[in-house]
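**Q** In case you want the letters, here they are:
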Amino acid sequence: MSDYILSKAKLKYWLEDVRKRNELWAPVGSKGAVSYLKNPKGENVATDFTNSLDCPKYIFCPQQDAICNYEIQGRGKVAIEEVELDVTPRVVFGLRPPDIRGIEILDAYLLKDQIDRRYEARRKNTINICLGYHNPPPCCFAESVGVDLFPKSGSDILLTDIGRSYYVETLSEKGDSLISEHFNEADDIVRNEAWDIQKGSEGKTNFDLNLNRWQDFTDTEIYTLPYWDEIYLGIIADSVATRYFYSGTYFKIVDVNSGNKGTRYKTWTTMYSPGFSTLANGYDYKPSLKEKFKDWILEMFHFFPKRHGFIGCSGAHRCIAGMTTKHDLRKIISNVDFGI
Amino acid sequence: MNLVPKIANIKNTERDGRLGSISFDFDGDLKAGQVFKIGTFGKGETTAWVIDAEDKTVTVSFLDNNPVTHKIMLLPTDECITVRGPFGNGFSLLDERNILLISQDDGILSQKKLINDLLQNGNQVSLLHFTSFPKDIFMSSSLKKAVSDDSPINGEIIDMTKKGPQDLDTFIKSCIKASYTSGINAVALSGNENFQQSVSRVLEKTMIKDKSIQILFNRNFVSGMGWSNKDLYGTTNIWKEGPVFTLDQVRRFPGVFI
Chain A
1134 MSDYILSKAK
1144 LKYWLEDVRK
1154 RNELWAPVGS
1164 KGAVSYLKNP
1174 KGENVATDFT
1184 NSLDCPKYIF
1194 CPQQDAICNY
1204 EIQGRGKVAI
1214 EEVELDVTPR
1224 VVFGLRPPDI
1234 RGIEILDAYL
1244 LKDQIDRRYE
1254 ARRKNTINIC
1264 LGYHNPPPCC
1274 FAESVGVDLF
1284 PKSGSDILLT
1294 DIGRSYYVET
1304 LSEKGDSLIS
1314 EHFNEADDIV
1324 RNEAWDIQKG
1334 SEGKTNFDLN
1344 LNRWQDFTDT
1354 EIYTLPYWDE
1364 IYLGIIADSV
1374 ATRYFYSGTY
1384 FKIVDVNSGN
1394 KGTRYKTWTT
1404 MYSPGFSTLA
1414 NGYDYKPSLK
1424 EKFKDWILEM
1434 FHFFPKRHGF
1444 IGCSGAHRCI
1454 AGMTTKHDLR
1464 KIISNVDFGI
Chain B
20 MNLVPKIANI
30 KNTERDGRLG
40 SISFDFDGDL
50 KAGQVFKIGT
60 FGKGETTAWV
70 IDAEDKTVTV
80 SFLDNNPVTH
90 KIMLLPTDEC
100 ITVRGPFGNG
110 FSLLDERNIL
120 LISQDDGILS
130 QKKLINDLLQ
140 NGNQVSLLHF
150 TSFPKDIFMS
160 SSLKKAVSDD
170 SPINGEIIDM
180 TKKGPQDLDT
190 FIKSCIKASY
200 TSGINAVALS
210 GNENFQQSVS
220 RVLEKTMIKD
230 KSIQILFNRN
240 FVSGMGWSNK
250 DLYGTTNIWK
260 EGPVFTLDQV
270 RRFPGVFI
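So the protein lines, in turn, are chains A and B. Residue numbering for the first sequence follows this note's numbering, beginning at 1134 and increasing consecutively. Residue numbering for the second sequence follows this note's numbering, beginning at 20 and increasing consecutively.
For reference, chain A alone in the conformation it holds in the complex:
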């Protein structure tokens, strides 16, 4: 693939061009409160933020994803019309490296065991532009969970902020297709400058989570550690948490109707939602917050890696800065007491 240089002054013009031909999603807002919005004006796009407030999984997997429309036409007669797959050409600008990992986590859930065709269609028709992490926030622990701050895979274009310009690396053919007259060829001076920045950022988010200790224990030994009996105290079980993380999501089907017509949706929420673990007969197999919190932690750091080969946490720090726990997740993980 190729590399280029894009002046920051030209960024908004490029994004305007992109917006004319695609559905553009880009971060908008000020430092503390940035969200990805659809088709913002190029001049409103934020680039000097660390992480968006909520994870941008809703771009690929909307919280209300219409499956089919229906019309009850009389007794014994219902007309169903499947909502067509969303193949809108889409560009997501400014994804931060933890969110690139987040999309890989969603891929593992939605494209491996059972394929979600609606998600698959969106992924295939979306071009991801990653904004390298030259400015990770202090509580971010992305590298600890294996996230590269300037990832060369998972996105189609990688931008490295080198001051007045961006060093642009196209990582796929889809990425190449977005290169326009606003870009100039990169030279060795720019490459070296970008390389220095990329190398200089290494280790900034590398908090030692002591995960290598987990390998010495069986699933059951880890699952039954007395440590989990206390550590959950202080957790805020909040359904809003669903916006902050990629793992721990669950889906259900909801109908919304008006008169004799309606739409069936696939929706998502979190394992902290009421009724998450209640069976049809009323039996709740995870009645306590302790179990749910433990499951969430172990899913991200133990079971997900066993199934998919990488940690199911994006390391974006949203759960620390957000609302799910009063504790620091990094400390919870690194201080797991194995009783040895």
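Derived by calculation from the structure, the hints in this document are not laboratory data. Please read these numbers as outputs of a predicted model, since none were measured by experiment. Every residue, glycine too, gets a C-beta built ideally from N, C-alpha and C. Honestly, I wouldn't trust all of these hints.
[Unchecked claim] List time: in silico DSS-like cross-link candidates among lysine-lysine, alpha-carbon distance up to 30 Å:
{"#": "1", "chain 1": "A", "residue 1": "K1399", "chain 2": "B", "residue 2": "K196"}
{"#": "2", "chain 1": "B", "residue 1": "K224", "chain 2": "A", "residue 2": "K1210"}
{"#": "3", "chain 1": "B", "residue 1": "K230", "chain 2": "A", "residue 2": "K1419"}
{"#": "4", "chain 1": "B", "residue 1": "K196", "chain 2": "A", "residue 2": "K1385"}
{"#": "5", "chain 1": "B", "residue 1": "K163", "chain 2": "A", "residue 2": "K1245"}
{"#": "6", "chain 1": "B", "residue 1": "K196", "chain 2": "B", "residue 2": "K163"}
{"#": "7", "chain 1": "B", "residue 1": "K181", "chain 2": "A", "residue 2": "K1257"}
{"#": "8", "chain 1": "B", "residue 1": "K224", "chain 2": "A", "residue 2": "K1385"}
{"#": "9", "chain 1": "A", "residue 1": "K1210", "chain 2": "B", "residue 2": "K30"}
{"#": "10", "chain 1": "B", "residue 1": "K62", "chain 2": "A", "residue 2": "K1419"}
{"#": "11", "chain 1": "B", "residue 1": "K25", "chain 2": "B", "residue 2": "K259"}
{"#": "12", "chain 1": "B", "residue 1": "K181", "chain 2": "A", "residue 2": "K1419"}
{"#": "13", "chain 1": "A", "residue 1": "K1285", "chain 2": "A", "residue 2": "K1164"}
{"#": "14", "chain 1": "A", "residue 1": "K1419", "chain 2": "B", "residue 2": "K224"}
{"#": "15", "chain 1": "A", "residue 1": "K1399", "chain 2": "B", "residue 2": "K224"}
{"#": "16", "chain 1": "A", "residue 1": "K1399", "chain 2": "B", "residue 2": "K259"}
[To be verified] Every beta carbon over 12 Å from chain A, so not counted as near; a handful from chain B, in silico:
{"#": "17", "residue": "L49"}
{"#": "18", "residue": "D71"}
{"#": "19", "residue": "E73"}
{"#": "20", "residue": "D74"}
{"#": "21", "residue": "L113"}
{"#": "22", "residue": "Q139"}
{"#": "23", "residue": "S159"}
{"#": "24", "residue": "G183"}
{"#": "25", "residue": "N211"}
{"#": "26", "residue": "T254"}
[What the hints assert, rightly or not] Between beta-carbon pairs, the in silico distance windows are:
{"#": "27", "chain 1": "B", "residue 1": "D267", "chain 2": "A", "residue 2": "E1363", "range": "30 to 40 Å"}
{"#": "28", "chain 1": "A", "residue 1": "D1240", "chain 2": "B", "residue 2": "D48", "range": "29 to 39 Å"}
{"#": "29", "chain 1": "B", "residue 1": "K192", "chain 2": "A", "residue 2": "S1168", "range": "57 to 67 Å"}
Add chain B to chain A, keeping to what the hints say.
**A** Frame of chain A; chain B shown alone:
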């Protein structure tokens, strides 16, 4: 996975206490322990267990305890319901000779078809049904008929309210007499997890092999999609690989099941 449901017309609706059953056309092989997601537009979906399947008609049963089932039970014959499935692997016991079926409360829903299939296949069947509601037993007429003196089934209905202050393990142990477990080749077990744990602790002390004990592990088997955290138990996707597992498989699940 296709989330767009098929439409089926109700052929028959029946109520038995808190249980509801409906029949609709379905062409295909079905096993006991498999489920359909049935629903009505405007209300959503619920899980229903296959209890009977013959002549291209399937009968599914469910606890009538939520808005979806309430609505379905009010629908007249020929009215439409939404159907997705069947899902799950189901019990595979037809090749075994002497089989012990153990169920608790609504766990009998997943075993109803199994009883019929085994009897038709000529297997020797023993049945132990534990009920927490002795005055309102699930499928009471079918169960009482099944354990009556003139039935080919050797079995009984056990009142769990008589457990008293003793712990569940002791109570279960006193109920599963040696006469039920001797000569048994395979076991089907369904019920809540604490019940399954206690029964398993009793069975592991018998000659029955762990591989021959099939447990309906229906935890994490409710979403109907197979890709959410709700479908996972450790590294196992219950929706994809279950919900029926053998005891030796369940032992490998993390946690405190056994």
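**Q** Work down the list of hints and note, for each, if the structure agrees.
**A** Each hint tested on the structure:
{"no.": "1", "hint": "K1399(A) <-> K196(B)", "in the structure": "48 Å, violated"}
{"no.": "2", "hint": "K224(B) <-> K1210(A)", "in the structure": "56 Å, violated"}
{"no.": "3", "hint": "K230(B) <-> K1419(A)", "in the structure": "27 Å, holds"}
{"no.": "4", "hint": "K196(B) <-> K1385(A)", "in the structure": "43 Å, violated"}
{"no.": "5", "hint": "K163(B) <-> K1245(A)", "in the structure": "46 Å, violated"}
{"no.": "6", "hint": "K196(B) <-> K163(B)", "in the structure": "20 Å, holds"}
{"no.": "7", "hint": "K181(B) <-> K1257(A)", "in the structure": "60 Å, violated"}
{"no.": "8", "hint": "K224(B) <-> K1385(A)", "in the structure": "41 Å, violated"}
{"no.": "9", "hint": "K1210(A) <-> K30(B)", "in the structure": "14 Å, holds"}
{"no.": "10", "hint": "K62(B) <-> K1419(A)", "in the structure": "25 Å, holds"}
{"no.": "11", "hint": "K25(B) <-> K259(B)", "in the structure": "21 Å, holds"}
{"no.": "12", "hint": "K181(B) <-> K1419(A)", "in the structure": "27 Å, holds"}
{"no.": "13", "hint": "K1285(A) <-> K1164(A)", "in the structure": "26 Å, holds"}
{"no.": "14", "hint": "K1419(A) <-> K224(B)", "in the structure": "28 Å, holds"}
{"no.": "15", "hint": "K1399(A) <-> K224(B)", "in the structure": "46 Å, violated"}
{"no.": "16", "hint": "K1399(A) <-> K259(B)", "in the structure": "19 Å, holds"}
{"no.": "17", "hint": "L49", "in the structure": "19 Å, holds"}
{"no.": "18", "hint": "D71", "in the structure": "19 Å, holds"}
{"no.": "19", "hint": "E73", "in the structure": "23 Å, holds"}
{"no.": "20", "hint": "D74", "in the structure": "21 Å, holds"}
{"no.": "21", "hint": "L113", "in the structure": "27 Å, holds"}
{"no.": "22", "hint": "Q139", "in the structure": "28 Å, holds"}
{"no.": "23", "hint": "S159", "in the structure": "17 Å, holds"}
{"no.": "24", "hint": "G183", "in the structure": "22 Å, holds"}
{"no.": "25", "hint": "N211", "in the structure": "5 Å, violated"}
{"no.": "26", "hint": "T254", "in the structure": "5 Å, violated"}
{"no.": "27", "hint": "D267(B) <-> E1363(A): 30 to 40 Å", "in the structure": "33 Å, holds"}
{"no.": "28", "hint": "D1240(A) <-> D48(B): 29 to 39 Å", "in the structure": "33 Å, holds"}
{"no.": "29", "hint": "K192(B) <-> S1168(A): 57 to 67 Å", "in the structure": "59 Å, holds"}
Comparing the model with each numbered hint stated earlier shows that hints 1, 2, 4, 5, 7, 8, 15, 25, 26 do not hold.
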